[in-house]
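S.K.: Listed here are the chains, written in short residue letters.
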Amino acid sequence: MESLLNTDWLALAYNELPLLLLIVGGTLVLLADLWWPQHILPRWARRKSATVDVHVPDRTPLLLFGMLAALVAFIACWRLWVQHEMPNQMGMLVIDRFSLVGGMMIIGSTIAGLALGWGYLFQHKLPIGEYTVLMLFATAGAWCMISSANLLLAFVGIEILSISAYVLAGMDTKNRLSVESGLKYFLLGAVASAFLLFGIAFFYGATGTLSLVGFTNDGIMQAPTSQFYLILGTAFFLVGIGFKVALAPFHTWTPDVYEGAPIPVTAWFASAVKAAAFLLFARVMLVVLPLMPALGTQLIAGLAIATMFIGNMAALWQDNIKRLLAYSSIAHAGYAALALVTMATIPEAGITSLLWYLMSYSVMTIGAFAVVQLLGRDGEELTSVGALAGLGERHPWLAACLSIFLLSLAGLPPTVGFMAKYYLLANLVAAGHWGLTIAAIISSLISVGYYSYPIVVMYFRPVANQTPHNSMNVGVPIRLVIFFAALAVLVAGIFPDRLMSFIQNSVLL
Amino acid sequence: MLSSYFPIAVLFIFALILGGVFVGLSAWIGRRPYNKVRLEPYECGLEPADSPRKRFSVKFFMVAMVFLLFDVEVTLLFPWATLFKQFIASGLGVFIFIEGLLFIAVLVIGWLYVVRKGALKWE
Numbered sequence: 001m002e003s004l005l006n007t008d009w010l011a012l013a014y015n016e017l018p019l020l021l022l023i024v025g026g027t028l029v030l031l032a033d034l035w036w037p038q039h040i041l042p043r044w045a046r047r048k049s050a051t052v053d054v055h056v057p058d059r060t061p062l063l064l065f066g067m068l069a070a071l072v073a074f075i076a077c078w079r080l081w082v083q084h085e086m087p088n089q090m091g092m093l094v095i096d097r098f099s100l101v102g103g104m105m106i107i108g109s110t111i112a113g114l115a116l117g118w119g120y121l122f123q124h125k126l127p128i129g130e131y132t133v134l135m136l137f138a139t140a141g142a143w144c145m146i147s148s149a150n151l152l153l154a155f156v157g158i159e160i161l162s163i164s165a166y167v168l169a170g171m172d173t174k175n176r177l178s179v180e181s182g183l184k185y186f187l188l189g190a191v192a193s194a195f196l197l198f199g200i201a202f203f204y205g206a207t208g209t210l211s212l213v214g215f216t217n218d219g220i221m222q223a224p225t226s227q228f229y230l231i232l233g234t235a236f237f238l239v240g241i242g243f244k245v246a247l248a249p250f251h252t253w254t255p256d257v258y259e260g261a262p263i264p265v266t267a268w269f270a271s272a273v274k275a276a277a278f279l280l281f282a283r284v285m286l287v288v289l290p291l292m293p294a295l296g297t298q299l300i301a302g303l304a305i306a307t308m309f310i311g312n313m314a315a316l317w318q319d320n321i322k323r324l325l326a327y328s329s330i331a332h333a334g335y336a337a338l339a340l341v342t343m344a345t346i347p348e349a350g351i352t353s354l355l356w357y358l359m360s361y362s363v364m365t366i367g368a369f370a371v372v373q374l375l376g377r378d379g380e381e382l383t384s385v386g387a388l389a390g391l392g393e394r395h396p397w398l399a400a401c402l403s404i405f406l407l408s409l410a411g412l413p414p415t416v417g418f419m420a421k422y423y424l425l426a427n428l429v430a431a432g433h434w435g436l437t438i439a440a441i442i443s444s445l446i447s448v449g450y451y452s453y454p455i456v457v458m459y460f461r462p463v464a465n466q467t468p469h470n471s472m473n474v475g476v477p478i479r480l481v482i483f484f485a486a487l488a489v490l491v492a493g494i495f496p497d498r499l500m501s502f503i504q505n506s507v508l509l
Numbered sequence: 001m002l003s004s005y006f007p008i009a010v011l012f013i014f015a016l017i018l019g020g021v022f023v024g025l026s027a028w029i030g031r032r033p034y035n036k037v038r039l040e041p042y043e044c045g046l047e048p049a050d051s052p053r054k055r056f057s058v059k060f061f062m063v064a065m066v067f068l069l070f071d072v073e074v075t076l077l078f079p080w081a082t083l084f085k086q087f088i089a090s091g092l093g094v095f096i097f098i099e100g101l102l103f104i105a106v107l108v109i110g111w112l113y114v115v116r117k118g119a120l121k122w123e
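Chains as they are written, first to last, in the numbering used here: chain U, 1 to 509; chain S, 1 to 123.
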């Protein structure tokens, strides 16, 4: 109670402004959604013309308000980043530049995810209010994960994020695949959460504290049993978090969930959810790895190799573009896990390359999913790669953008994907992991095979029978997302130094 | 130490004897007009063994879910109420009061959502 008396509540509110904005914004959208008018026309006009009554009012302003709240939260993150030279711990939360950069990354993905929902949700008759609310609350959960100094708060954050994500995956209740994906994600995710909690319990047994700051060598090295509990805890934690980020033996849910969920949600899963889980993973490994460097490195390296090869090999056989991008996201989780491996020897460079990798992956995967979403017709999503045939002639700009994103995912210059892989591999070499470097390069070469497949189809496969050209999904926001993502991929790929120094300034250990 | 558990052992033995005697008596004296209804654990009410894929209205699920949510949430007010006086004694009365109000406000927003979405409409 002494600490409560001495707490400076205003300072806490100021430092947690992004979190507060997300929660308050989400709550306001929720309430506005409840009292949104049910009919466009007033009652007296409705009786006269019954046909107009069919049209329900557009709830897109709610989406816009959600985007606004997220944007203000993003700016607040930026302001805090400028002000915070040193980490600032307040109770269970810690405000440092690492969490602020992570917050900007995730809130940026959320803004993009909300923008992708513009038009799509109305066309597919999905609940716009709930979509916005769940995304904002999930982002608040992600914030709790990445800025927590306590494993318990991190777990609460994971659950806020995951439960919102389960509902978002199964949101399209008229689509069987979406419902299936929601159920699968929920059942498997609940088991993974149990594993995670078990791991946290063993961490507590090993160290006697849930605070990540309190993990020190002293208590663990003295008692031989606590070393054993630490290994057990790490193993359970790896299972749980491995599920959330889709590492290899725990990845099987990914293709089904990514395929079934509505495309804006899938794009957001691949960027925001993955980044949040990886940042928490990094925060925990930052304190756990020094306690058991050899074993911890081997465990993560094994998972990373398996993930890269399984993801890339399985993607070679995919004909559904959503599944292809899902397997690609699995493979990229493997690459990002390699950055964690380097954290044992060169922690600062390891975290820098992880942030850099996650940031670039978020941008290019959102861009790729946005193009796929834009190509959907008449309320149907474009799924098969074969349907891309002739896109190079019909929509040269879109085809060019999709090619840029796919080349970036494959890691070819002059894109940001190449830069991310370059820093990653340079760090691996610097840390002395030659075997891992070679494995990453080989799996990268395999991945060029399936990333070039849609490009070849777009530009070189003749269109078999010219189907009548139906109206495309229109929407300025989605075009803006594609434009900015493509711009970011190219600019950050050609001039990476500004962004790189920004990230390097964010990692002060 | 162990002797403090002796009354429990007595209870177990007594329960065992009592149960055994009743079952034995009814088996010895009782008549046996066995039929389908007699062999069921409950002679009235729902059928105990049934298809698990039986359909019933989604309204029941809604009510059960809402009940569970609010039940669990209201439980969290108990520690708040019991610690209230201690907080007042240490000069944090306003703090704990506002905390409680915030918690209840969150519940009220949830309740508004349930009501406005028509989860409690029975027709």
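Keep in mind the hints are simulated off the structure, nothing from the lab. Be aware that a few hints might be false.
To be verified - Below, in silico cross-link-like pairs of lysine to aspartate or glutamate (DMTMM-like), each with a Cα-Cα straight-line distance of 25 Å or less:
1) K125(U) to E348(U)
2) K85(S) to E99(S)
3) K125(U) to D58(U)
4) K174(U) to D8(U)
5) K54(S) to E73(S)
6) K117(S) to E380(U)
7) K59(S) to E16(U)
8) K54(S) to E40(S)
9) K85(S) to D8(U)
10) K117(S) to E85(U)
11) K125(U) to E85(U)
12) K54(S) to E180(U)
13) K117(S) to D58(U)
14) K174(U) to D319(U)
15) K121(S) to D33(U)
16) K184(U) to D8(U)
17) K174(U) to E40(S)
18) K59(S) to E123(S)
19) K59(S) to E180(U)
20) K174(U) to E85(U)
21) K184(U) to E159(U)
22) K125(U) to E393(U)
23) K59(S) to E40(S)
24) K121(S) to E47(S)
As the list claims (entries may be wrong) - Okay, the calculated bits of chain S under chain U, using three or more residues with CB under 8 Å as the criterion:
25) 16-30
26) 89-98
Glycine included, each C-beta is placed from N, C-alpha and C at the ideal position.
S.K.: A separate judgement is required for each hint: does it hold in the structure or not?
M.R.: Do the hints match the structure? See the list:
no.	hint	result
1	K125(U) to E348(U)	46 Å, violated
2	K85(S) to E99(S)	14 Å, holds
3	K125(U) to D58(U)	10 Å, holds
4	K174(U) to D8(U)	49 Å, violated
5	K54(S) to E73(S)	31 Å, violated
6	K117(S) to E380(U)	28 Å, violated
7	K59(S) to E16(U)	40 Å, violated
8	K54(S) to E40(S)	20 Å, holds
9	K85(S) to D8(U)	23 Å, holds
10	K117(S) to E85(U)	46 Å, violated
11	K125(U) to E85(U)	46 Å, violated
12	K54(S) to E180(U)	21 Å, holds
13	K117(S) to D58(U)	17 Å, holds
14	K174(U) to D319(U)	24 Å, holds
15	K121(S) to D33(U)	19 Å, holds
16	K184(U) to D8(U)	44 Å, violated
17	K174(U) to E40(S)	42 Å, violated
18	K59(S) to E123(S)	9 Å, holds
19	K59(S) to E180(U)	22 Å, holds
20	K174(U) to E85(U)	50 Å, violated
21	K184(U) to E159(U)	16 Å, holds
22	K125(U) to E393(U)	32 Å, violated
23	K59(S) to E40(S)	29 Å, violated
24	K121(S) to E47(S)	29 Å, violated
25	16-30	violated (count 0)
26	89-98	holds (count 4)
In this structure, the earlier hints numbered 1, 4, 5, 6, 7, 10, 11, 16, 17, 20, 22, 23, 24 and 25 are contradicted, and the remaining ones agree with it.
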